[in-house]
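Engineer: First to last, the protein sequences are chains A and B.
The working numbering runs 979 ahead of the 1-based position in the first sequence.
With the working numbering, the residue at position 131 of the second sequence is 124, and numbering never jumps.
I should point out that these hints are in silico values taken from the structure, not numbers from a laboratory.
A virtual CB, placed ideally from N, CA and C, is assigned to each residue, including glycine.
One or more hints might be untrue.
Said to hold, decoys possible - Which residues of chain A face chain B? A partial, calculated answer using Cβ under 8 Å:
| hint | residue |
| --- | --- |
| 1 | Arg1038 |
| 2 | Leu1199 |
| 3 | Asn1210 |
As the list claims (entries may be wrong) - Non-contacting residues of chain A with respect to chain B, defined by C-beta distances greater than 12 Å in every case (computed):
| hint | residue |
| --- | --- |
| 4 | Phe1075 |
| 5 | Val1137 |
| 6 | Ala1169 |
| 7 | Ala1208 |
| 8 | Leu1216 |
| 9 | Trp1312 |
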Amino acid sequence: MTSDIAAILAIDGIATGAVYALVAIGTVLIFTVTRVIFIPFGDIAAFTALTLAALDAKRFPGTGALVVILACLATLIEIITLLRNGERRLLPRALFFYLALPLAVVGLAWLTMRAEPPLAIRLVLALMLITPIAPLLDRIVFRPIADGTVLLLLTVSVALHFALVGLGLLFFGPEGVRTEPLTSLSTEFAGVLISGQTMLIVIAALVFSGLLYLFFDFTLVGKSLRATAVNRTGSRLMGIRPARAGTIAYLLGSLMAGVSGILIAPVNTIFYDSGFLLGLKAFVGAIVGGMTSYPGAAIGAVGVGILESFASFESSALKDVIVFSLLIPILIWRSLASLHSEEEIEE
Amino acid sequence: MSEMFSMTDVTVCYDNVEAVRNVSLSVEEGQIVTVIGPNGAGKTTLLMAAIGLLASRGRLVFQGNDIGRMSVEDRVERRLCLVPEKRELFSDMSVADNLLLGSYSLRDRSGVQKTLDEVYDRFPRLKERQRQAAGTLSGGERQMLALGRALMAKPKLLMLDEPSLGLAPLIVREIFRTIASLRDLGVSILLVEQNARAALETADYGYVLETGEIVQSGPAKDLIHDPRLITAYLGGH
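With the rest of the complex left out, here is chain A (with noise of 0.2 Å):
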């Protein structure tokens, strides 16, 4: 292997694994907030990158009937929740919160199509259209077992992830889909040729990875979100709620998650089930930097993106394996490193 080539692979590496920090992040925010490993979050963003191409199709994606479907049953779980509680007060807030305004981001997704917008337009409705599907799911399918193990949480979510390809096969179909690149420029740095949408990629992961840094060190609700993560207790005897620390968390997640969609979409070709690895190869990079921590999760993911990027020079067959391989040795660096990390996380 010359320089020049390493160098590409470098570069090629470094922006696949900024894709995959994004959907890192996510992940240990997600995690630590309300102790689900959300393994669809790959999912997200591929439905995402399907979202945006049929918007670019000037198709009405299938990301508003599922938003759709799962506003009204999570509607209806929190309305049955609430009268059994005898806390009809809440009713008029939940039918906003989880009906009027998810049906409303579809509606406006939907007129503001007639109109055939501009990409950037287009960026933001697919969006809009994917963030409501996790904090719904959440209220749906986590909420009622949130006091469960990490383990039963673990379990639940791979079961989802599983609904939720099918869910895509039968709202987006079999086809793949290859929107067109964001920006077309390209620049020379040191003799080798980095494409605009490279660029962007990392631009992208720095920007949002900044802006949720600034989040969680400057706001009072970003101080809540960490405070839920270091100490569950200690937080609801603030009158910080769980609950809906956990919807802010999986709404933050999902938008990192639909970015990283975003920004995947023009250079690799995304099908209904393409989330699964995505998703896959960012928990990797999340476990490296031992699930709680976001700079660590970032450098990780950046690893595997590095570390899949050389695989494939040297064996594309074998690139995965390589990948998933890696895991092992680090599982066992840190279940040594660490033998106190399984009773912190039960509690």
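Go by the hints and put chain B onto chain A.
Structural biologist: Chain B alone, transformed into the frame defined by chain A:
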């Protein structure tokens, strides 16, 4: 004086074991009430039930409202606050952030800075360490932070679980001085303590809890001279 908080016939079960049985007690507005008793008597369980972290049978009334079915967060929003035995600080976060999160339940944010200044005036040590992570504080400082964080919520009733636990005698005295001074702010206090003497010296009224039941109650100044209590809890004279 009007009644701030009352428990009537409260029973708390762990699985099938009754940890607290038919306990009734009340706290008047502006009063410091203490519950003393040996280790394992159910003192912590009682406070956990009062804040809603444990389910209980019986009646819980706070400022005239039945709060028995309310969530922990709803109780906190009504300004019923607990400083638990384990403090439950946000150890990775700074002292200032811990205090700020104490005010999370307040809808009206205009007075938060003023309350923060008051807490810093009360505990100058916290001001010195405001940028330090809560996990790096000493035991006494952590207790001050736990108290300060609870005060940030402007509580009407503050419930304290063993505030002197594991602290040096000098700091214990300081903590109890602070508790006594909170009365002047109009905060009612329900204090659970193993350090019976210090608790009774500070409180207006006391209850004695043994194996989950109230066995004795009365004005604190009477209890402190009760011969039975002196031999059992106050270490004789």
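Engineer: Look at each hint and say if it fits the structure.
Structural biologist: Each hint, compared with the structure:
1. Arg1038: 44 Å, violated
2. Leu1199: Interface hint status for Leu1199(A): holds (7 Å vs cutoff 8 Å).
3. Asn1210: Because about 6 Å separates Asn1210(A) from the closest Cβ in chain B, which is inside the 8 Å limit, the hint holds.
4. Phe1075: Nearest chain B Cβ is 19 Å from Phe1075(A), so the label holds.
5. Val1137: Label holds. Min Cβ-Cβ 30 Å, cutoff 12 Å.
6. Ala1169: 40 Å, holds
7. Ala1208: 9 Å, violated
8. Leu1216: The claim breaks: Leu1216(A) does not keep its Cβ more than 12 Å from every Cβ of chain B (closest is about 6 Å).
9. Trp1312: 23 Å, holds
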